[in-house]
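There are 2 protein chains.
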Amino acid sequence: MTQLVKAARRVPLNRARVLQAAVALADEVGLESLSMRRLAQELGVVPMALYKHVANKEELLDGMVDTIVGEIDPPVPDAPWKTVVRLRVLSARRALLRHPWARPVIETRTSTTPAVLGYMDSFVGMFLAGGFSEDLTHHVMHALGSRMWGFTQEVFDDSGSGAKDQPRITVEAQAAMARHMAESYPNLFRIAVAAAHDDESVVGNGCDDQFEFEFALDLLLDGFERLHEQNWTSGG
Amino acid sequence: MTQLVKAARRVPLNRARVLQAAVALADEVGLESLSMRRLAQELGVVPMALYKHVANKEELLDGMVDTIVGEIDPPVPDAPWKTVVRLRVLSARRALLRHPWARPVIETRTSTTPAVLGYMDSFVGMFLAGGFSEDLTHHVMHALGSRMWGFTQEVFDDSGSGAKDQPRITVEAQAAMARHMAESYPNLFRIAVAAAHDDESVVGNGCDDQFEFEFALDLLLDGFERLHEQNWTSGG
DNA sequence: AACACTAGGTGTACGCTGTATACCTGTCAA
DNA sequence: TTGACAGGTATACAGCGTACACCTAGTGTT
Numbered sequence: 001m002t003q004l005v006k007a008a009r010r011v012p013l014n015r016a017r018v019l020q021a022a023v024a025l026a027d028e029v030g031l032e033s034l035s036m037r038r039l040a041q042e043l044g045v046v047p048m049a050l051y052k053h054v055a056n057k058e059e060l061l062d063g064m065v066d067t068i069v070g071e072i073d074p075p076v077p078d079a080p081w082k083t084v085v086r087l088r089v090l091s092a093r094r095a096l097l098r099h100p101w102a103r104p105v106i107e108t109r110t111s112t113t114p115a116v117l118g119y120m121d122s123f124v125g126m127f128l129a130g131g132f133s134e135d136l137t138h139h140v141m142h143a144l145g146s147r148m149w150g151f152t153q154e155v156f157d158d159s160g161s162g163a164k165d166q167p168r169i170t171v172e173a174q175a176a177m178a179r180h181m182a183e184s185y186p187n188l189f190r191i192a193v194a195a196a197h198d199d200e201s202v203v204g205n206g207c208d209d210q211f212e213f214e215f216a217l218d219l220l221l222d223g224f225e226r227l228h229e230q231n232w233t234s235g236g
Numbered sequence: 001m002t003q004l005v006k007a008a009r010r011v012p013l014n015r016a017r018v019l020q021a022a023v024a025l026a027d028e029v030g031l032e033s034l035s036m037r038r039l040a041q042e043l044g045v046v047p048m049a050l051y052k053h054v055a056n057k058e059e060l061l062d063g064m065v066d067t068i069v070g071e072i073d074p075p076v077p078d079a080p081w082k083t084v085v086r087l088r089v090l091s092a093r094r095a096l097l098r099h100p101w102a103r104p105v106i107e108t109r110t111s112t113t114p115a116v117l118g119y120m121d122s123f124v125g126m127f128l129a130g131g132f133s134e135d136l137t138h139h140v141m142h143a144l145g146s147r148m149w150g151f152t153q154e155v156f157d158d159s160g161s162g163a164k165d166q167p168r169i170t171v172e173a174q175a176a177m178a179r180h181m182a183e184s185y186p187n188l189f190r191i192a193v194a195a196a197h198d199d200e201s202v203v204g205n206g207c208d209d210q211f212e213f214e215f216a217l218d219l220l221l222d223g224f225e226r227l228h229e230q231n232w233t234s235g236g
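Line by line, the protein sequences are chains A and B.
FYI, my numbering numbers position 94 of the first sequence as 94, with every residue one higher than the one before it.
FYI, my numbering numbers position 66 of the second sequence as 66, with every residue one higher than the one before it.
Just so you know, the hints here were simulated from the structure itself, not pulled from any lab data.
Do not take every clue at face value.
[What the hints assert, rightly or not] To spell it out: a stretch of chain A is covered by chain B in this simulated footprint if at least three of its residues, at any positions, have a beta carbon under 8 angstroms from a beta carbon of chain B; those stretches are:
no.: 1; segment: 104-116
no.: 2; segment: 140-149
no.: 3; segment: 186-198
no.: 4; segment: 216-223
[Said to hold, decoys possible] Calculated from the model, a selection of chain A residues having no Cβ within reach of chain B, i.e. all distances over 10 angstroms:
no.: 5; residue: R15
no.: 6; residue: R17
no.: 7; residue: M36
no.: 8; residue: L43
no.: 9; residue: V45
no.: 10; residue: K52
no.: 11; residue: D66
no.: 12; residue: G70
no.: 13; residue: T137
no.: 14; residue: E229
no.: 15; residue: S234
no.: 16; residue: G236
None of the values given here were measured: they were computed from a predicted structure.
Each residue gets a CB set at the ideal place from its N, CA and C atoms; glycine is no exception.
Model the full assembly from the supplied sequences, consistent with the hints where possible.
Dropping the structure here:
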């Protein structure tokens, strides 16, 4: 017994294992439940033991981001810049969708790790390789912003105004809510109704996130292309 | 003395005053220092007293967002949609720059208050009034995303790779860092150097946030306009 | 073989957070 | 006068990140 415990303990818990366990735990229980204590418990170790491998929780999160950066496919070779960028962004998106906690974590990073710098560097490289000027590339990177990571700030949440945790609402209540919605937010109501036509459920939002993402991405990429073709410079 | 305290206490602390104090406190000490205890102290009251006016901290933050939504100028009348949208976004941006804590708070809201719904509704209205179809308006709103609030996910932070808290670094160390940067991130280095040409400091990022924001905003607005002119629909 | 050094796990403790619960008190209506 | 109730209070709890001191097993040196 003591032998077994000792044998189990002998694997000495390095940084990589801590990060890997953290990613797995966040995948499983969500970011808000990822605490140092919980992670330590998952690793069969006392909380303070983690601090021998990461400086603090911020650095743990940094490391977790690095981990998912490693999951993003490298740029495809021998393709026009637009294709290369597009595919890479969509690959990043797939990685982020696998780890829903990653978006808020990326958003709140203050320091930039070498892995992240490397990722950004390769993005810049794709535009430069496509013949973009340094100037245009710079602004284009800013315009891309978080879309480089495959996500958009989903601020336009057109699901019904609240009332989604209630499992059962009467038909009348639903109708009253729709009436209220139509009166208070007539424009939102119009596009919600229009979107619902392409969809089955009346109350559902009728949104295809992936479509919306690619819509905006392509809008930007087309804009970039146009500016590039007309040799745009920030000078005017 | 007791009289005075009682007299001061007589103003009974309503919801509006709590929100107003919360906004002021966040402006002053930052979001991370805004705790229920600290806010209560600021109002000369015991922490739990706040819970008679807001359900919990989340609702407090919701209310704070509503407050700054109220600071955004209404749409200018009698102008083409592009102008109306542009000015409104820039007004939102000014409001958000006055309250730096607002960005992360908006990003993390889960519920949508009536005030926020109203703000989004008016945005939708601007496009519809400009002759956009419901369909196009819908996707355009998604593409706008958080830019509707006047901010972009500033994920492309091209300040020097760390080393910014150290107040004094030797010239050699600086040169070594530059060399390391040039080797490890050659593409970032190229655009950093190019940007620095328009700027005074070599190590500074040489970025005009406002310019970058408007660059991306106009890129999107131009894209919207083009789609609108060619009667784009999501059907293909 | 004896020693010191060190990497890595442990235990305890501190100050901070949001908030549940129970209580009290002053004001106003009936 | 009574009783309800809005609004401020006091106490307490569970959770958090992490500083600090300690121990222990393994390694390399003399």
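Problem - Unmet hints by their number, sorted upward, for this structure - result: 13, 15
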